[in-house]
Amino acid sequence: MKLRNIFLQPTAMLMAITMLAPLAIIVVYSLLTRGAYGGVELPWTIENFTRLWDPVYGIIFLRSFWIAAVATALCLVLGFPLAMFIARSGSRKNLYLSLVILPFWTSFLIRTYAWMFLLRDTGIINSVLQALGIIREPLPLLYNDGAVILGLVYGFLPFMVLPLYATLERLDPSLLEAAADLGARPWDTLVRVTLPLCAPGIRAGAILVFVPCLGTYLTSDLLGGSKTVLIGNLVQNQFTASRDWPFGAALSLALMAVAMLLLFAARRNGEELL
Amino acid sequence: MKKGLAVYAVFAYAFLHVPLLILAVFSFNSSRFAVWQSFSLQWYRAVADDANLIESSVNSLIIAIVATLAATVIGTLAAYGIWKRGSAWLSGSLYLSLVTPEIVTGASLLALFQWIFRFAHLRLGMHTVILAHVGFSLAYVVVVVLARLRSYDRTLEEAALDLGATEFGAFWRVTLPYLTPAIAAAAMLAFTVSIDDYVITSLVAGVDSQTLPMVIYAMARRGVNPALNAVSTLVVFGLGMLIMLSERLRKT
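As you go down the protein sequences, you meet chains A and B in turn.
As numbered in the working numbering, residues 1 to 274 make up the first sequence, in order.
As numbered in the working numbering, residues 1001 to 1252 make up the second sequence, in order.
Keep in mind the hints are simulated off the structure, nothing from the lab.
Even glycine gets a Cβ: it sits at the ideal position worked out from N, Cα and C.
Treat the hints with care, as some may be off.
[Claimed, not checked] Pair ranges (Cβ atoms, derived):
1) Leu1122(B) / Trp44(A): 22 to 32 Å
2) Leu1122(B) / Ala36(A): 22 to 32 Å
3) Arg1248(B) / Arg88(A): 27 to 37 Å
Only chain B is shown next, with the shape it has when bound in the complex (with noise of 0.2 Å):
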């Protein structure tokens, strides 16, 4: 029995992984149909002629960038806030907001945004999407900083008022530093569900702050593309040496 479950085990596990391998050994094709014929890197040449795949690709970096710092810090405080005394209404509302379908996000906050835009001269764009952005992974990181403070002694906090640290004091000097490897791997999943994000995003972006996904995404509905599984390589790439680089730090 334990043989066979080793032998699925390598299927399971060739069914997880090698359809990327694929892709991304077919990213160095120089034909574009799925028939190898000789290495290449012309799919890559083109990926960094494409005005619009690097620009997107910017826009990205920049939203995921600024919803991670700011979804981190926040969420951050709220589960520190939540831990000291629960508050079931925020609890309930970060807890909707994990399980609300993407889709329905998308479309409601769309809906909410045309609707402020009746009173002010605003349009869809980079803030809109940033916004939505901390909104949808707040939730993952309060989840995250949160299970690391239920194994958190609360007499070590006690103990440093005690000595005379102010409440804040205490928080900076004693909790935050005990919380640190948690933040970090919320931030880095806040990051990673930014930076992939398509459904809520194409609802609620402008014309000028089109994503890497959106394009992507275009590319793949009109059809297989040698310079998309170029791309798809070079970010799966960059994700993984970002993930390979957190779990370095958190060892140190």
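Isolated chain A, as found in the complex (with noise of 0.2 Å):
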């Protein structure tokens, strides 16, 4: 056997483990009825993906749509001038730059608690408001779907950054010169100039911004309380609590499916990762 074939093996047994046997499982179980005692039962049926069509989900889904299309905007709008800032700092580039990947190096669980810490009832910016005398009463910070939003922009903040970057890095100065040459104000330089260039490194950062939001399980659990349920929790909760196998198959799916039409839309031009 040749040596490629050999070195490859052991990736092909654990993918075969670990991502197809697992989908082709979520397939089947999509499939089946939701068995008495929590388990999964024939006959097949389809009932559990027209299921999905039910309003009590579709708002889910909605919701889940909506949170994860403000997070991505606003990390987009934060994101953006932080990167041109890093782009035209000169010498200093490397600096700034692991200033933005090191949040990334450490846990997305503690930085998640970090602002639980700040944002509860007795945590410090309720705090600090209320020494100043500025509020009486805590202000209602946590639990709800803007510290989830809030959440999510803290710690996805350096994926937009990152593809924003190396788009602004490779950049030509001569065309922003141009414009300038041409009678450009500094503005209509941006918004004619740079932002249309850009426009590969904004679809790839909103891409690996706001799929990621979508299936956020974590934030929404943490960050909204019970208020605010997402798909991610519903998945988690089709396969925990409820025990509704079949159901939390279909919803899997579906999630995953809007992940990949998302991934191939946003493909066009863009560079082969593997």
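Combine both chains into one complex, guided by the hints.
As structure tokens, then:
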């Protein structure tokens, strides 16, 4: 056997066990009936997929989209100037860049918890505002959609900044000079030259942020409390408390299908990852 | 405009880093409330006395080390294999594993394990967690190592073969040394994604394989707890040291 084939065997086996077999099981389960004791039973049915159209779940899907979209837009708005700052900072580029990447290496869970510590009723923000006499009652900062969006932006901002920086870095400065020479004000140059040229970076960043935000489970559970139920929480619930595996499987497939569709749509002239 | 950007950047960096700094500062606070009282190490003592935290930290370390070693070796071999001649279905499934939402990965693995357990006398435990971790960190390793291989000159291997090296000898003594920095970076990445994972782990862990993120998560859900600030500070500090160490190694 060729060396290359031997080298690929362990990965092929692992992918078969941890990726393809689970996926196959999910597909089969999504077409079965929920068992009396929480397992799965015959007969075959497509009821799990028709249930997805139930408005109860439709609202959860829409909310997940909405929250992921707002978080992505905020990441873009907040991340673009930062990426521009780094791209123009000359010899200190690497330092500034690693300051953006650093949080990526620290625990996502702990960074989410940090916001619980800041936002709760007796947290820093409320304590300071109360001590200053600005408010009497603590503001309800935690356990709402706003807190979830904040947590997502905080967690995924680096994913937006990195691809934006990569495109801004490659931007030919003479194009900007040309625009200025032709009479464009800085704002016009930004909107009509820089932004369009950054489209690939924006697309990559938007996908890198939107897809994980859409399937988020941890952030919405910790910062949204029981009020913010998103697709991720719904899936988790079907596989644990509700013990409705067939429906959980159908939901998982729907979530994956949406993610795949978005990735496929954004792949247009995108760079191949693998 | 340049000045405006710099001012903005200060705020952006504060947004990224100040929350963790505040958490760290208040882990040394003697009060359990968010009002500074006095310096104290009592929450660190509470952490050291918490058997649950210690046990789960040990579990997390075992899982992360075993999973990192396995994923790094297997992933490096795979990256080399894919670089030699692409494998569409393997690249496809690795890509799929990168983009699948964590909750779906975890739930589908749980479904598979439960199905297997119908036929075998096995239970969820460290082995299922390690298997899951190797599975999801593998793609990260392949991506990082493959990126380095893209800039590798194929003729170097050919030269080794012409000079009489075996196919394996050329890989072992010519290609692998070139890949070392990428392999180290890949291992670091695998380690950090493994030690931090909560979503997948919580679904495939058994009663005897609680990991640190699972305990932290349970504590966080019960509400804010100063001991949790201390644990968080220790974890962030530990990971920080690890990154600095690996940077140092990379430069020498």
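Exercise for the section: Using the Cβ atoms, figure out if Leu1122(B) sits within 22 to 32 Å of Ala36(A). Expected result: holds, 24 Å
Exercise for the section: Return holds or violated for the Cβ distance of Arg1248(B) and Arg88(A) against the range 27 to 37 Å. Expected result: holds, 29 Å
Exercise for the section: Determine whether the Cβ-Cβ distance between Leu1122(B) and Trp44(A) falls within the hinted range of 22 to 32 Å. Expected result: Given range 22 to 32 Å: holds, Cβ gap about 28 Å.
Violated hints for the displayed structure: none, as all numbered hints are satisfied.
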